[in-house]
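**Student:** Each chain, letter by letter, is given below.
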Amino acid sequence: MIPSREYKRSVVRTPKVVPSGVKGAMHWLAGKVHHATFDGKALLRQATSIHQASEQFRIISDEELQQRLLLCKEHFRRAGRDYREHIPAAMALVVEASERRLGLRPFVEQIMGALAVLKGALIEMQTGEGKTLVAALAAVFFGWSGRSCHVITVNDYLANRDYIKLEPFYTFCGVTVACVLSEQNRDERRARYASAVVYVTSKELVADFLKDRLLLHGMMEPSRRYIRAQSEREGENCPVLNGLWSAVVDEADSVLVDDAATPLIISRPVKNKPLMDACVEAVRLAAMLQRDADYTVDERFKQIMITPEGKERIEGMTPSLPSFWHSSARRDELLLLVLAAREFFKRGKDYVVSDGKVVIIDEFTGRLMPDRKWRQGTQQIVELLEGLEMSDPVEVAARISFQRFFRFFHTLSGMTGTVKGVTSEIWHIYGLNYVEIPTHRPSRREICKPKVFVEKGSKYAALLSDIETLHRAGRPVLIGTRSVRESEALAERLNSRLLPFQLLNAIYHAEEAAIIARAGEYGNITIATNMAGRGTDIILGAGIADAGGLHVMLTEPNEAERIDRQFYGRCSRQGDPGSVRAYISLDDVLLQRFFPEALLDGLLTRALLRRAPVTDSIILFLVNVAQRTAQRMAYQQRLSLMRKDDEVDKLMSFAGSGPKF
Amino acid sequence: MQEATTYSESWHLVANLRLKLRATVEVQRQFYRGEKWYVLRDPFNNRFFRVQPAAHDFIMRLNAEHTVEEVWLSCMKDFSKTAPGQADVVMLLGQLYSMNLLDTDVSPDTRQMLSRYTSTRRKEFQSQLMNILFIRLPLFDPEKLLVRFSELIHKLLSPLGAVVWLLTLLVAIKLVIDNADVALDSAQAVLAPDNLFLLYLGLIFVKACHEIGHALVCHRYGGEVHTMGLMFMIFTPLPYMDATSSWGFRNRWHRAFVGGAGMIAELFVASLAAIYWAVSGQGALHSLAYNIMFVASVSTLLFNANPLLRLDGYYILSDLLDIPNLTARSNEQLRYLLEHYVFKHSGARSTAKNRHEAIELTLYGILSAIYKVMISLGIILFIADKWLILGTLLAIAGVITGVFLPTIRFITYLFLDGRLQQSRRRVVAVSAGFLAAFTVLTVLLPFPHNIYAPGVVESFPDIKVVNMVAGHVEEYLVAPGQRIVVGQPLVRLENKELNFALMSAESRVVEMKVKERQALGKTIADLKPVLKELSVAEASLAELRRNEAELIVRARGNGIWIPANKESISGLWVERGRYLGDIVGGDRFQFAAVVAQEEVSELFDSSVNSVEVRLWGEAHQRITTGEVRLIPYQHEKLPSPALGQLGGGNVSVQATQQQSGDNAAEPFFLVNALLEKQTEAHLLHGRSGTIRFNLAPEPLLFQWYRSIYQLFQKRYRL
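Protein chains in written order, with my numbering: chain A, 581 to 1241; chain B, 136 to 853.
Keep in mind that the hints were calculated from the coordinates and are not lab data. We put the CB at the ideal spot given by N, CA and C, even for glycine. Treat each hint with caution, since some may be false.
To give an idea of the interface, some chain A residues facing chain B are shown, with a C-beta separation under 7 Å as derived from the structure [unchecked claim]:
id : residue
1  : H906
2  : R910
3  : L1231
No farther apart than 35 Å at their CA atoms in a straight line, the calculated lysine-lysine pairs in the DSBU-like style are these [as the list claims (entries may be wrong)]:
id : chain 1 : residue 1 : chain 2 : residue 2
4  : B       : K155      : A       : K851
5  : B       : K488      : A       : K891
6  : A       : K1230     : B       : K155
7  : B       : K479      : A       : K926
8  : B       : K155      : A       : K953
9  : B       : K171      : A       : K891
10 : B       : K216      : A       : K1230
11 : A       : K953      : B       : K212
12 : B       : K212      : A       : K791
13 : B       : K290      : B       : K279
14 : A       : K791      : B       : K171
15 : B       : K216      : A       : K891
16 : B       : K258      : A       : K612
With beta-carbon atoms standing in for the labels, derived distance ranges [claimed, not checked]:
id : chain 1 : residue 1 : chain 2 : residue 2 : range
17 : B       : L551      : A       : E892      : 33 to 39 Å
18 : B       : L551      : A       : M885      : 39 to 45 Å
19 : B       : P583      : A       : V1194     : 55 to 61 Å
Next up, chain A with everything else stripped away, as it sits in the complex (with noise of 0.2 Å):
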């Protein structure tokens, strides 16, 4: 066991406090400036030269090549004292070894991509710019230190995908790499960690850090968990991770940005029997109390109101609920759990139940959760409801969002393809900078003027012709949906008109990769969700190209113009052609959510039916607003979780040091 090896297994970055008030504006300003007095050209100038310098190592052979490599290595290891002054030559040398063993030689944008990657930054990249290859190029300099780094994919797919396609390049280059998927167990993640480089969807990595800190059990400081570690033996206990040193994330705005407030839980079935009877009787007496007579519901915010004659009900009901319940406040807790339970959660909507278990149903993404349980009494009282057995409670073991993991890293960067609207928040919470990497060739996506319609019926009967006669002249058509639902709604009406289409729901990435590789194919019809097959190039079909490339049809714009610009880029790849068109209808969820009934199925509804001159602009204009208030409330939303993880961290800190999770 090397100890310096051993001690690192465990250390963590510990991030600073984020910014708030005045040194927030402070840090808002600093980061401005950081940004502006960043010079792209002359990165951009060394890509150009490091392109150049690169030609010269065409002749010399492989052997050559690799140990020159190898030489190289040592000036990273441990990102030693002036590495950086290696990282030009080097990268000539790494440029050439792509072309050697994936046949792939990185563009000058490339080049400058990985570089900015090498600094730390998050890296604007159009789609279909060869992101993977950057991120390979940056993490053989990563590798090269010694210390570990994870490439960061979106699912398991692309990991295992990138992982097999690039292993001859790293080989060649000196460094391990390996990817871990979701199907191996501890001891295969152990080996696999311990590669230099790990392909890794953000799930797994943070639940196994997650996993190796219960281990630890609060043994979180490196130096006293490698003394205990040398008195126990190796076995179970050891940590699967191999620290946390450097990260390149892919998406970094689904990661780093949308995502990141959703908490990452583990969690263990306990026994409680209290609670679980307790469940039993509330669910009993609820049954007793009747809506709008002893409670109101308020749906637009989830709420229940017990009314004075409910409370007095409930009152008589006290005695017979077990008496740690008998406490006003913790009565009230217990049966508006169960009320809740019984108002706002739907069979099929919200749960489905399968095998005598309730499954529950991911309210974005329409997707089954067979690992996800309500928290304690609601996944119970769900079940009494339902009539069926009740299962242990969960507990939760730790938890942490990825937000904060991610900032527990040394050096993190990230790739995306549009960095619009969240650069400020990468800035604030990540400290990144970011840095837009220029189109290899000129972008040839012709964007269609948004078609506005009054409710989602007409909205569907236009999409429908317009799909048809795309479909007709020959010309692939990629149609992004927001939800599985919406897909499977769309997929019913295109059964309907016989016309032939392939449905994408972000379940089967390997089929769906396949699928979405073909989607640029004569003729093809293909309905994705946002998610879906996602970092896979579409491949434009012999002749489609001069027939104006695959159009994107976008049925309902996103919560984030960013999302939808991302659905945009599946076309016109590297200078493919291409055109893309949303459909907004006046029902959608993003403009009812964000503005009152009264405007949009009164005013706007006439003028629209009327054809007033500027209602569409009005429209676009409206969506725009709608999509910036929703970003500035889900980045408030994620900062203040964020506060709220600090100050759990003050008030905890008896509880041992470091943050808590």
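Position chain B against the provided structure of chain A, taking the given hints into account.
**Tutor:** Here is chain B on its own, set in the frame of chain A:
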């Protein structure tokens, strides 16, 4: 969904810890409002933490053998009804730990501890900076001294001591009442510059006694006093000491006694000083005694005893009401009222335990808020009067901390606070409605805008009787109030000098006539100059004759004679042109009003809608006016002394001019308004009243802006 407290998401962080209360922590039982509480005290830093019995039961069970979860479960089993929920436990442990009351088996987070320490230090420093006017400088620990004199202190603070105190106080009050006139007279001179030093000496002495009083009583009931030092109040060093250990007293009367001890000591000192002052003669000690008496009584009554300031009175009230953190609680109560009644926020919870407390908190919150605004305005104006720049700086600081920041905080609370999330629509609607109403009321809706001016009723036409020649008043020929006709003699004057001049002029004429004859006879050549001289002499004689005739002052019109001075002025010398009286009797009256300079421009500029006059004593009678004339130059002499301050009016007059009292301190403009013929009101010459100029209605905001601007202009000549 409502926040759940029984099961906490953070429970896993504490569940497996083994914690216990630190061995040194002292626990006491206390009753607040008849409710049982436990007070945990850390003797090292004298900090207190109050917990409810249920939490106390839990804390007491914490030990190093069992995990928090086990303890919680056992609590749940034994006190199922009252046991705290998981969230409560997590919160409680965090608080206990942050107060350094917990022992843990894991090594604590030293980084957090340090950062907590530095942030506390920084906050203290910042609050000192913010409170630059109230800097504290701890100097020494008086505990040892107190312990040494413990016996003495116990003897002092006994029923006997109380009797002595009361007797002294009574004697002093009697003496002061006996010498009330002298005492009040001297009070005028207290703030005179040459007295300031003595005043300050008195202040230091009294405040030292005050603080020692706190310390003694605190010690008497078992408290410890560890800090005594200097506080720089507006850069004036004053003593202070820290008696916070009294907060741990079980008996709230003891706590209140500690709070009141300062004032009791001060009153005692004031009494002694008063007795000395009463029996001693003039001298430095005499003045010092007076100053001590003054400071001790005034500061006690105005400041220390006043519960609206956070001084002794506040803590006494807080102890007596049994509501600790009165200010914070009352603010919370106000916020609750706002959230519950205005925003209809269902989640709003009152912190008040019962109706009684709710009323107390609400009242206190409102009163103290008003008082705070008033006292800060008063202090700022007071300082600005003395030093304009410092006052301006203070005012700016005051506006930032007192208006700007709270407004921003309030706005963020209204629109960004998560608590109000679900009532946001209502919040927005209510605030928008309020703003709109405010705007409409103050900016858009014109409000009546009036100018009031004092004045007197004068007869119209009003003939002022003036003597054209100086002279001694010989007699009034007509009794006051008599009807007279044109040419009727009113006053007879006598002017000996005039008589002599007349005589000499007559002789001169005679002389010249003789000279004329001579010239005619002898020297014809001299005739011309002599004739000339003669004509001059005759002219002057004629002039003097006319003047002599003027010695009888005659009426120039019909009417009733009203002499200017009530008492006879016969024998007095009156200069030419002296106002002797009026002949009133015209059938009309006019109102002569005194309009201040700052208001006159408005009168000039804007159109006057209507004018009405009300007379003192007949306020219910509205008298309408006809033509209103503004006399367009400044006056300094009031139309009647009755308008001046000396005459009971409210126009300030020059104090130097004795007797007359009709020289206004500031020039003014005169407005004459002809009064309509009246039946109800009794229009009498010389009656005073006020005139109201009804200007064109104007929104309130403009009116306020102008008044504030004028206030500044007047006070600071901006």
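**Student:** Confirm or reject each hint.
**Tutor:** Cross-check of the supplied hints:
1. Evaluation of the H906(A) hint against chain B yields a held restraint, the C-beta minimum of about 5 Å falling below 7 Å.
2. Given hint, R910(A) at the interface with chain B, holds; its Cβ is 5 Å from that chain's nearest Cβ, closer than 7 Å.
3. Because the closest C-beta pair between L1231(A) and chain B is about 3 Å apart, less than 7 Å, the hint holds.
4. The straight-line distance between the Cα atoms of K155(B) and K851(A) is roughly 26 Å, inside the 35 Å bound, and the hint therefore holds.
5. The hinted pair formed by K488(B) and K891(A) meets the criterion: a straight-line CA distance of about 19 Å does not exceed 35 Å.
6. For a cut-off of 35 Å, the pair hint linking K1230(A) to K155(B) stands: about 19 Å separates their Cα positions.
7. Note on K479(B) and K926(A): the hinted pairing holds, with a Cα-Cα distance of about 29 Å set against a maximum of 35 Å.
8. With a C-alpha separation of about 34 Å, the suggested pairing of K155(B) with K953(A) holds against the 35 Å cut-off.
9. Proximity of K171(B) to K891(A) is assessed by CA-CA distance (about 27 Å); at most 35 Å being required, the pair is judged to hold.
10. Proposed proximity of K216(B) and K1230(A) is supported: the alpha carbons are some 30 Å apart, at most 35 Å.
11. Taking the CA atoms of K953(A) and K212(B), the gap is near 27 Å; set against the 35 Å cutoff, the hint holds.
12. Restraint check for K212(B) and K791(A): the C-alpha separation of about 32 Å stays at or below 35 Å, so the hint holds.
13. Between K290(B) and K279(B) the alpha-carbon distance is near 18 Å, which keeps this suggested pair within the 35 Å criterion.
14. With a CA separation close to 44 Å, the supplied pair K791(A) and K171(B) exceeds the 35 Å bound.
15. Distance restraint check for K216(B) and K891(A): the Cα-Cα separation of roughly 19 Å lies within the 35 Å cut-off, and the hinted pair is therefore satisfied.
16. Distance hint between K258(B) and K612(A) is fulfilled; the C-alpha atoms sit about 29 Å from each other, no more than 35 Å.
17. In this structure the supplied range 33 to 39 Å holds for L551(B) paired with E892(A), their Cβ-Cβ distance being about 37 Å.
18. Checked against the hint of 39 to 45 Å, the C-beta distance between L551(B) and M885(A) comes to roughly 24 Å, which is inconsistent with it.
19. Between P583(B) and V1194(A) the Cβ separation comes to about 46 Å, which falls outside the hinted range of 55 to 61 Å.
Hint violations for this structure: numbers 14, 18, 19, all remaining hints satisfied.
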